[in-house]
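Engineer: One letter stands for each residue in the lines below.
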Amino acid sequence: MSDILKIEDLVIQYDTDSGCVHALNGLSLTLREGETLGLVGETGAGKTTLARSIMGLIQCPPGKIVSGKILYRGEDLLTMKEKHRQSIRGKEISMIFQDPMTSLNPVTTVGDQIAEAVMAHEKIGKKQAWEKALEMLETVGISRERASDYPHQFSGGMKQRVIIAIALVLNPKILLADEPTTALDVTIQVQVLDTIQALRKKLDMSMILITHDLGIVAQTCEQVAIIYGGEVVEYADVFTIFENRMHPYTQGLFNSIPKLNEDVNRLVPIEGLMPDPTNLPTGCKFCTRCQHATDRCREEHPEMIDVGNGHLVRCFRAENTNAGGEQK
Amino acid sequence: MFRLILKRLLLLIPVLIGVTFLVFAILSLAPGDPVLVVLGDNATEEAAEAMRSELGLDKPFLERYVNYIWDLLHGDFGKSYKTKLSVSDQILSRFPNTILLALSSMLIALLFGIPLGILSAKKQYTLLDNVASVGGLISVSMPNFWLGLLLVILFALKLRWLPSQGMSEGTGPMLKSLILPAVTLGTGIMATIMRMTRSSVLETMRQDYVSTARAKGISESQVTTGHMLKNALIPIITSAGLQFGHLLGGSMLTETVFSWPGVGRYMLDAIKTKDTPAVLGSVILMSVSFSVVNLLVDILYAFVDPRIKSQYKKHGKKSALRAKKQEA
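Chains as they are written, first to last, in this note's numbering: chain A, 1307 to 1634; chain B, 7 to 334.
In case anyone wonders, no lab produced these hints; they're calculated from the structure. Computed from a prediction, not measured in an experiment: that's the story for all the values here. We put the beta carbon where it would ideally sit given N, CA and C, even for glycine. Incorrect hints may have been included.
Said to hold, decoys possible - Taking lysine to any residue and the SDA-like style, the derived pairs with C-alpha atoms no more than 20 Å apart in a straight line are:
#, chain 1, residue 1, chain 2, residue 2
1, B, K129, A, I1364
2, B, K319, A, D1612
3, B, K236, B, I105
Stated by the list, open to error - Covered stretches of chain B (chain A as the covering partner; in silico rule of three or more C-beta atoms under 8 Å from a C-beta of chain A):
#, region
4, 27-36
5, 222-236
6, 301-313
Could you put together the complete structure from these sequences and hints?
Structural biologist: Here it is as structure tokens:
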């Protein structure tokens, strides 16, 4: 499988009144063709910033892309002309947003909103664009008669289906799904996820699925990247993450899931809070909450360490586990 | 929708009764005798007495009021004390001039106010935005009659480009004499509409559906007009409608400064001479046009926002008003 999207050392900051927010701090990530990559992390870890930067939706100001590259099939999205980027946005790379209740324009029919995406990229008339929109609506499980309805006439799950239809109507190569089910009921979550999965296979897309639900990761993803403080702290295939996770933060995440086969009175959270993004620690970003933290962790910033089989960990403790592994 | 219109028109009846009673009472209680104003201070007691009984002014207040309303129900607005001309004829002959002035100043206000408001929202905190804000503040704070006089000094007296007073005969000269009063009236309204547009667009700019629209890869101007402005329209329509209602009642100051033969000036002259039937006629016209414009604005909401339309359909007026309040 070849790399379709490669993010290198991406640094993004927001200038706010309370100081400079370090949202992404040298984040690197690779998405291979046809693969589903899960992006897991707490609120404020930088997941949404990452997705929006790939789409080119970071508001500047206050946002600022300080350095780094986002390579789509070898072309850097960050340096290309706006016109060219616009032709990729929505056509080659699409995004599904977090909150279906607010992500649709309330004063335009859903059919128009889907057809608009078609007409932005294909030189066809309104009628043909509508026909395409109607087909897409049916694909996501909404009958074509409802195309001339307005968003307020749909339920949350159906709205999310409409948003999926907008994102997928042009068969994009990459789909960025930013917590597509967080705002939905559990029963609806399954339906929406199934829809996304089925379409992903049918259209042969690559997908980055942003979530903080590890259950969804286990169900849908092949590769997983754990994000903390604006950088990837652990990257591996989904089996390794579930069976042989190494970063203390990843371990903490899994420990905080209540186990079904044990009597659990209290959840086990990760102690402490996310560090203030305007004032991140100099060493390991997780050192303030890590029970294994040493002086070295507090002063020196750990690099990604390959512990074999493409399993990358950003922790000094991994050096010992992997005597022969090279630093990456 | 039809029921809504009917209800609103019926509501006009108590409004008119209240308004006419108030004006009637104020004019009766205010010092000064209309008969002496008409006849002059040197009039003999007999002549004054004769005129009083002729105009029915010797009768008690309530009787006069009831008589007036009775005549009004028969379509008779009475005759002016001073000129003995029919009030309805006088007002109807002036009303088209007032409408013309109102429409043209509204046109100026909308034509400049909305684009400037959008521009200043999109370039928030830049030089352009600051200049527009300060300019808007100045335009709003400047009294109409003063701005009118300044414009007269510059364009009529110094440059001699435009006539300073009155309404000229013939289409060309008439339009020329319309420019100064229309600009005078339009400037303040333009500033109000500009501020309203700016804040409303700023509000919609941060909405999720704007991100969805951008993610489709449509151009920024399509995002602005199709998604931001369309959603920002409701408050703009509300404020423009209120302003237009005021304008239709005649703008006393501007019409006086420019000797524009409109309803506003007629009413001011009538107030000065305590010409009760003339004042009442103008006030009734003012209230009716104000209410009708507001009704039109409410109907317009339904065309702009499908959520309001469905409210109108479902429960009629009450819930529609509630929806409007929530919008505001």
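Engineer: Compare the structure with each hint and give your call.
Structural biologist: These are the hints, each one checked on the structure:
no. : hint                : result
1   : B/K129 with A/I1364 : holds, 16 Å
2   : B/K319 with A/D1612 : violated, 64 Å
3   : B/K236 with B/I105  : violated, 28 Å
4   : 27-36               : violated (count 0)
5   : 222-236             : holds (count 8)
6   : 301-313             : holds (count 4)
Violation of the numbered hints given earlier is confined to hints 2, 3 and 4; the remaining hints are satisfied by the structure.
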